[in-house]
Every structure is written in C-alpha cells, then in structure tokens.
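Trainee: Each chain, letter by letter, is given below.
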Amino acid sequence: MVASAPALTLPLDRKVKKEEDRELVRLSQGGTETAFEELVRRHQQRVFALVGGILRRPEDVEDVAQQVFLKAYLGIKRFDQRAAFSTWLYKIAVNECWDYLRKKKVRPLVYEADLSEEQVSRLDGIVSADRPPEGPNARAEAREVLDRMLASLPEQDRQLLVLKEMEGFSVQELAEILDLNVNTVKVRLFRARGRIMDVYRRRMDAGKKSAGSRPARRNG
Amino acid sequence: MATGTEFEYAACSKYEAVLEDYLEGALSAADARNAENHWRDCAACRDALEQATASVRLLRAAGPSDGPGPAFARVVMARIREAEQDRSAERAGLWQPIVSLAWRFAATAMLALGVLITYDAGWWRHAQPDVTTARLIGVTDLLSPEPARPPADRDEVLMMVADNNHAK
Numbered sequence: 015m016v017a018s019a020p021a022l023t024l025p026l027d028r029k030v031k032k033e034e035d036r037e038l039v040r041l042s043q044g045g046t047e048t049a050f051e052e053l054v055r056r057h058q059q060r061v062f063a064l065v066g067g068i069l070r071r072p073e074d075v076e077d078v079a080q081q082v083f084l085k086a087y088l089g090i091k092r093f094d095q096r097a098a099f100s101t102w103l104y105k106i107a108v109n110e111c112w113d114y115l116r117k118k119k120v121r122p123l124v125y126e127a128d129l130s131e132e133q134v135s136r137l138d139g140i141v142s143a144d145r146p147p148e149g150p151n152a153r154a155e156a157r158e159v160l161d162r163m164l165a166s167l168p169e170q171d172r173q174l175l176v177l178k179e180m181e182g183f184s185v186q187e188l189a190e191i192l193d194l195n196v197n198t199v200k201v202r203l204f205r206a207r208g209r210i211m212d213v214y215r216r217r218m219d220a221g222k223k224s225a226g227s228r229p230a231r232r233n234g
Numbered sequence: 011m012a013t014g015t016e017f018e019y020a021a022c023s024k025y026e027a028v029l030e031d032y033l034e035g036a037l038s039a040a041d042a043r044n045a046e047n048h049w050r051d052c053a054a055c056r057d058a059l060e061q062a063t064a065s066v067r068l069l070r071a072a073g074p075s076d077g078p079g080p081a082f083a084r085v086v087m088a089r090i091r092e093a094e095q096d097r098s099a100e101r102a103g104l105w106q107p108i109v110s111l112a113w114r115f116a117a118t119a120m121l122a123l124g125v126l127i128t129y130d131a132g133w134w135r136h137a138q139p140d141v142t143t144a145r146l147i148g149v150t151d152l153l154s155p156e157p158a159r160p161p162a163d164r165d166e167v168l169m170m171v172a173d174n175n176h177a178k
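Protein chains in written order, with our numbering: chain A, 15 to 234; chain B, 11 to 178.
Hint data in this document are derived by calculation from the structure and do not stem from the laboratory. Ideal placement from N, C-alpha and C gives every residue a C-beta, glycine not left out. Do not take every clue at face value.
[Stated by the list, open to error] One side of the interface only, derived from the structure: several residues of chain B facing chain A at Cβ under 8 Å:
1. Asp-31
2. Arg-67
3. Ala-71
4. Ser-75
5. Gly-77
6. Ala-81
7. Val-85
8. Thr-118
9. Ala-122
[Said to hold, decoys possible] So these bits of chain B aren't anywhere near chain A, every CB distance computed over 10 Å:
10. Ala-39
11. Phe-82
12. Gly-103
13. Leu-111
14. Gly-124
15. Val-125
16. Asp-163
17. His-176
Please build the complete structure, drawing on both the sequences and the hints.
Mentor: This is how it looks when you write it as structure tokens:
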C-alpha cells in the first residue's frame, strides 16, 4: 500500500508579505529604524529556526540570531532586492552559523549514545503509529534522541533533514538558502531519509537486543 | 532499477526527486497517479517511500526549535544602536588627526594671508602718492616752503642729518 503524503500548505498571503518586505527594506535603506525593527519581528521566528536547526545548541542560538540581524542592518544599503529579503537574510544566517562553528571549532553535535528501553519503545510508537510525543518533556526527550541519531549522519544530510522536517523549510527555500539546485535538494533529502532510517533501525535493534539480554527482575 | 546506495532503502533514481515532491504534496494529480502506479509494481520504490514517510513522522516528533522571546526585536535594535554609536565613534577617531591637521593648516594659512595683506597694503600706500595731498601741494607750492617729506634714499637721509646738525 502506498503511504499518503502530507499536504503542502503555503501561506496564502506570501506574495503580499514579500511586497511588504520590499517596502520595509526600501524604508530601512532610507534610514527608518522602525521599518527594520518590523523586518526583525517578521523574520525572527524563521531565523531562530534556521540557526537552531544548524547549531542545535539552544544556548548559542539567540546570540547568533542577533548577530545575523546586525549584519543584515549593516549591509541593507547594499542589498539590491533582486532576491527576496528572506532569502538574503537566511543566507546571512547560514554563513553566520558556519563562521560561528568554525570559530568555536566544534561540530554542531558531538555526542552519541545507546537508547534506553523506554526510549526505544516511545520512538517505535512515534514511527509506526504516528503518535507524536505529548507535552514539552516528551518532545524534549524525542529531540535529544533524534539529535543523537542525526549526529551519525554526514553534516549536509543532517542539516537538510533538520531544516526540512523539524524547522519546516520548503525544498525551494532550502535550494535558495544553500545555493543548490532544487532537484539536487530533493535527491539529497531522499537519500538522507534513507540514511536516518538506517540509523534508526540499527539503534532500535541494538536497544531491543540489550533489553532482551538484561536479566529479569526478581520480586522479593 | 534501484540505485546502488550504501543504505538499505533505495529507489529507482528517476523516482527519487518525484518521491520528495509526493511527500510534499507538490505533484499534480496526474503525476501522483503515475508515481503510484510505478510504486505498485516496484517493491524497492515502495519500501523507499514507506521509509521516507516514516522518516517524516520520526523527524517531526521533536518539533521546531524554541522561538525567540518577546523582547528579541527590541534587544536586536538596542544592539544595532550600540553598534552604530561604536561605528560613529570609530569613524570620528579615524578622522580626528586629519581634521586637527586641517585646522592647523587653515589657521597658518589665515595668518600668512593676514601678514601678506598688511604688508601689501603698506607697500601700496607707500608706492602710490596721495592724490589729495598732491593736489594741495600743487596749489600751495608757490606760496609755502617745500613741505617735509620722508627721505627717499640714503643720500637724502645723510643730507637731512647734516642739515639738522647744521641748524643746531
């Protein structure tokens, strides 16, 4: 049986928002500070998602996101509006993340560990029955487990999967932000999905084996 | 034919990108029907699609990262203002020695100009005979003795000194 695809929902007023962005950019280029503040308000959520998706370190996200907007403000007079403001801003964000990681000389993720029996069973429930974790604690745990699994993927695969599935960027947006052909993004995403599912299956098998080899608890 | 990749679930290379479009719901009805027909006949592609769908469920379980706090935009604007102030101070610091040098140069030039004008005015007054005085001299020339005039050269000075001594 063929699995059903989730429907793509694009905001209806996207075109209007782009036009408004253009006007806000024009005003910002003329020195209107409040116009730039409005641009910050409009794009802060996506910039946070993008930076968070690449760094996966909540403690660093705010600082890097601020730096992204500061760079955008300082460079806005040179922005010719040939691309959408959001694309230009997200490219600044991606570059800023890589600069940050390079300066700190760290990989976005550095740890990897086995899953506990409970984690295995919870993940199994999510994947087989599409039962999303309920409550902030369950989501935080799912995120931690996923981060561990994503750590074993090549950096580009990890980035694509996180930005696409966790942070909600479209294929088109990813192609623009990462300077890739749309088809290349699709193929890479498809292959990255295969890799993460391989990791998932291996972890699940290892978790089940370790649970099975554990001696049964005796009462009394 | 399924592609030979290093992971377990591989689809026909032609359908890799199509599968992503299908997951995103971006295929037209006709294209989606074609793809579904293919997946019905191709076990590798069917497995790949199922795994890809499972990966969506797995990855979306965590949800997006935390968003910014309510004061984020204000904090950004404050940081921008601070950076702007730093930049202006830096710019002023960069031009300060040049501006100071320019003022000194201007002051020196003004002083030199003043001296030149004063000197020039004195020389002009000296070189041009006063017309009014000249006219008066012309009228009274026959009636009064020669008016005193400053000696023109060294000989006249010596003559004046000798005259004075003789008068005494």
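Trainee: Evaluate each hint against the coordinates.
Mentor: Against the structure, the hints come out as follows:
1. Asp-31: holds, 7 Å
2. Arg-67: Where the cut-off is 8 Å and the nearest Cβ of chain A is about 5 Å from Arg-67/B, the hint holds.
3. Ala-71: OK, holds: Ala-71/B within 8 Å of chain A, min 4 Å.
4. Ser-75: holds, 3 Å
5. Gly-77: Result: holds, 5 Å to nearest chain A Cβ.
6. Ala-81: Hint violated; Ala-81/B Cβ to chain A Cβ min 11 Å, cut 8 Å.
7. Val-85: Interface hint status for Val-85/B: holds (7 Å vs cutoff 8 Å).
8. Thr-118: Violated - the Cβ of Thr-118/B stays beyond 8 Å from chain A, reaching only about 38 Å at its closest.
9. Ala-122: violated, 42 Å
10. Ala-39: Fine: 12 Å to the nearest Cβ keeps Ala-39/B off the interface.
11. Phe-82: Since the minimum Cβ distance to chain A is about 5 Å, Phe-82/B lies within 10 Å and the statement is violated.
12. Gly-103: The claim stands: Gly-103/B keeps its Cβ more than 10 Å from every Cβ of chain A (closest is about 18 Å).
13. Leu-111: Leu-111/B clear of chain A: closest Cβ-Cβ about 30 Å, beyond 10 Å.
14. Gly-124: holds, 43 Å
15. Val-125: holds, 46 Å
16. Asp-163: holds, 72 Å
17. His-176: holds, 87 Å
When each numbered hint is compared with the structure, violations occur for hints 6, 8, 9 and 11.
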